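Given only the sequences and the hints, what does the whole structure look like? Please build it.
If you read the protein sequences in the order shown, they are chains C and A.
Numbered according to numbering that gives the first Met the number 0, the first sequence spans residues 0 to 422.
Numbered according to numbering that gives the first Met the number 0, the second sequence spans residues 0 to 422.
I should point out that these hints are in silico values taken from the structure, not numbers from a laboratory.
Treat the hints loosely; a few may be bogus.
Identical copies go unnamed one by one, so any copy, or any two together, can satisfy a pair.
What the hints assert, rightly or not - Mimicking DSS-like on lysine-lysine, the simulated pairs with C-alpha atoms at most 25 angstroms apart in a straight line are:
#, residue 1, residue 2
1, Lys263, Lys39
2, Lys144, Lys114
3, Lys231, Lys268
4, Lys412, Lys250
5, Lys1, Lys141
6, Lys207, Lys1
7, Lys394, Lys82
8, Lys113, Lys403
9, Lys263, Lys143
10, Lys365, Lys113
11, Lys163, Lys262
12, Lys163, Lys114
13, Lys231, Lys143
14, Lys263, Lys163
15, Lys19, Lys143
16, Lys113, Lys1
17, Lys143, Lys35
18, Lys207, Lys376
19, Lys19, Lys141
20, Lys268, Lys163
Because the structure is a prediction, the values reported are computed rather than measured.
There are 2 protein chains.
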Amino acid sequence: MKNLNIGIIGFGTVGTGVFKVLQSFGNIHIEKIAVKNINKKRELENFNNDLLTDNAYELVNNPNIDVIIEVAGGINPAFDILKAAIENGKHIITANKELLAKKGNELFAFAREKKVIILYEAAVGGGIPIIMPIKTILCANKIKKIAAILNGTTNYILTKMTEKELSYDTALKQAQDLGYAETDPTGDVEGFDTAYKLAILSTISFNKKVDINKIYREGITKITAHDIKSAKELGYRIKLIAMGQLLDNGKIDVRVHPMLVAKKHLLAKVNNATNSVMLSGYPVGDLIFTGAGAGAEPTASSVIGDLLVLASELENTDNPIPQAVCNHTETAEQIDIGDTYNDYYISVTAGNSPGVIGIIGTICGKNNINISTIMQKGINNDNTAEIVVITETSKESDIQNALKEMLASESIKNINNLLRVMN
Amino acid sequence: MKNLNIGIIGFGTVGTGVFKVLQSFGNIHIEKIAVKNINKKRELENFNNDLLTDNAYELVNNPNIDVIIEVAGGINPAFDILKAAIENGKHIITANKELLAKKGNELFAFAREKKVIILYEAAVGGGIPIIMPIKTILCANKIKKIAAILNGTTNYILTKMTEKELSYDTALKQAQDLGYAETDPTGDVEGFDTAYKLAILSTISFNKKVDINKIYREGITKITAHDIKSAKELGYRIKLIAMGQLLDNGKIDVRVHPMLVAKKHLLAKVNNATNSVMLSGYPVGDLIFTGAGAGAEPTASSVIGDLLVLASELENTDNPIPQAVCNHTETAEQIDIGDTYNDYYISVTAGNSPGVIGIIGTICGKNNINISTIMQKGINNDNTAEIVVITETSKESDIQNALKEMLASESIKNINNLLRVMN
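Printed below as a string of structure tokens:
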């Protein structure tokens, strides 16, 4: 295995994890580490502070450095720094999902031009091996479907809401207290983090450039204890699902939103901060990869895995791991959420009038929606009733029209939630 | 990607699957296929019978062939044929777990000498990517534990016994009628197939040569409907588990036997013919890979995945995928089953005497065994009672001594089963 000199950009949880684990690999020499604050106290034994710099360009311009490991995150200044590194002929290993989702096409094209490679196993699913397997051992497959739990924070919150019947706010607060959620949880709970990962995963799975701006995205903030409870009673768990499908017409249906997942489905059984990726393809059929989606050590496994494979290949050839080179020429034609087909869960508050079930049924029927289950649970104190409907597979635009008609009806007081269902 | 000429040895289910899927890869040319019976009717459209030969040496001696795909199985004549292929400088892709488990060391050493590589993703877990990921993207890890369901036939039988409360014989018969089990099911139900796969998987996971002859092996033929039912009542499912552990003293504990798996454990939820491999390592933590463990198409995914990665690498270098080369110098020190530690399930038939629970408790205590659960379910017509015990972690040799003492006691009529437990 080739000796490699590396520079690490970012020395937070993941950077420190990578640093620690790398100590046991003799062929990897850490030349320099770029940090924001050079004076911050580091909790590392016998750490040599001379390794640190607050100028990342010291790394990317250092001719001794072969590989840049970027674990800082964000677009600025990471994008410019990595472009400079590529310009200087350095291979890149990054965990930066936002950067790859938003600027991946540009970076990959530039890397091809400069004959360096960008590896990013850690950007999707933390420690779960998914990027390298799709690009290597699974490359005989035409992947048709992705369904994945890609964010530990939201899965933790939904698990606690399910197990302990907590409200969203209480579960979020507990996740924050335990360090599973950030003070500003937006990136996780609104599904941005999941969408970045899905953009990367669907691009390499379908071999077409997926536009992050066209990925439909809903977070988990509107999930109520009532939704979780109703889902449970109907045999489902609610999960934030990253979904991608290659349709028969060649278009791509790719989106992030909470779903009711049938409790027999293996994804329904993935709890707490664990991540899981299901791929369906031909000829392999269904595969599910489950593991820790975040954390210093699992992420270090992926970063260093990329690095060691690269070191091993560079021993023999200047064109390492040709399968891993991203070269997507085709742009995915992404369909609008209104054109997708799903089974649905609709939760409404209705007036306690005898005809209300009939009204819901009539509105659904008029809009080509077949109801598979309808559940009314008693009468509220204010003489309203909570009704939950599960539909058969329907078109999203039909559902949206039906919801409008329901809202316009005297008998329906409120549409509490609309969720999609995975059986 | 390099153009490769290949020869396929074996044209049964898997060979035919590989042949079909390969039609869509323009860079792979099938030069010749070796079969047992050249006159057998093949259910393939427009198949050119001239591709067939009943002499595999025609392939391995053909200078036009770059890669031999061996999907025939068994030791003889596969071993001699593959040795000749390696001698002639051909790379090997094989799904032959028995051959690798029994003769892998010799084949890998010879391949290293002749500078060819042997790839075998399909030998373990069918379509599940596990061999290549362990050797590449997971290579930063020290793997400490394997727990896997590696045989679809036995998992199917155990699933049906659990779901439909069938006896072993009835479930086996149904599996045979559906083609999930062979007429002579020994290789599957006695755990041989699982043990071959475990020998391969544990060798690459622990990076030490594991001796197939020293893998403790028990099949599923002694599992009764009573065991399945008792396990269910106690919150477990029974699975045939391939287990491997790297102990703190550097020794290896590696074995195949049925286990009661806590129903919350993800492996307990893997049903029917699906396979699943759990790996625990540092720094990655726990990973679980689930998918189809057999079948023409999933197996073809792995065989062709190996082939395409090889083709891609050979474009750049004569030393392809150096990480995939097997070079295990150390021999694993495998411990005896008597020296292993487990939680146990003990099922006994006892006489209906008032002191029998006390006698079981006393014998266990004397042998350093703590009981965590004891369950007696009514009295049989012949005035005996079925008693089920779950122990805390105990040494296997202590358990065996306790069972001998129980059998010697007047009050215990029979030891019905002893199974190990995974919580």
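Structure-based check of each hint:
{"no.": "1", "hint": "Lys263 x Lys39", "result": "neither (48 angstroms within a copy, 43 angstroms between copies)"}
{"no.": "2", "hint": "Lys144 x Lys114", "result": "neither (31 angstroms within a copy, 39 angstroms between copies)"}
{"no.": "3", "hint": "Lys231 x Lys268", "result": "both (13 angstroms within a copy, 18 angstroms between copies)"}
{"no.": "4", "hint": "Lys412 x Lys250", "result": "neither (38 angstroms within a copy, 67 angstroms between copies)"}
{"no.": "5", "hint": "Lys1 x Lys141", "result": "between (34 angstroms within a copy, 20 angstroms between copies)"}
{"no.": "6", "hint": "Lys207 x Lys1", "result": "between (33 angstroms within a copy, 23 angstroms between copies)"}
{"no.": "7", "hint": "Lys394 x Lys82", "result": "neither (43 angstroms within a copy, 59 angstroms between copies)"}
{"no.": "8", "hint": "Lys113 x Lys403", "result": "neither (54 angstroms within a copy, 72 angstroms between copies)"}
{"no.": "9", "hint": "Lys263 x Lys143", "result": "within (22 angstroms within a copy, 30 angstroms between copies)"}
{"no.": "10", "hint": "Lys365 x Lys113", "result": "neither (58 angstroms within a copy, 72 angstroms between copies)"}
{"no.": "11", "hint": "Lys163 x Lys262", "result": "both (17 angstroms within a copy, 19 angstroms between copies)"}
{"no.": "12", "hint": "Lys163 x Lys114", "result": "neither (52 angstroms within a copy, 59 angstroms between copies)"}
{"no.": "13", "hint": "Lys231 x Lys143", "result": "neither (29 angstroms within a copy, 36 angstroms between copies)"}
{"no.": "14", "hint": "Lys263 x Lys163", "result": "both (20 angstroms within a copy, 17 angstroms between copies)"}
{"no.": "15", "hint": "Lys19 x Lys143", "result": "between (39 angstroms within a copy, 19 angstroms between copies)"}
{"no.": "16", "hint": "Lys113 x Lys1", "result": "both (21 angstroms within a copy, 22 angstroms between copies)"}
{"no.": "17", "hint": "Lys143 x Lys35", "result": "neither (42 angstroms within a copy, 36 angstroms between copies)"}
{"no.": "18", "hint": "Lys207 x Lys376", "result": "neither (46 angstroms within a copy, 60 angstroms between copies)"}
{"no.": "19", "hint": "Lys19 x Lys141", "result": "between (38 angstroms within a copy, 14 angstroms between copies)"}
{"no.": "20", "hint": "Lys268 x Lys163", "result": "both (16 angstroms within a copy, 22 angstroms between copies)"}
Hints 1, 2, 4, 7, 8, 10, 12, 13, 17, 18, counting from the list given before, are not met by this structure.
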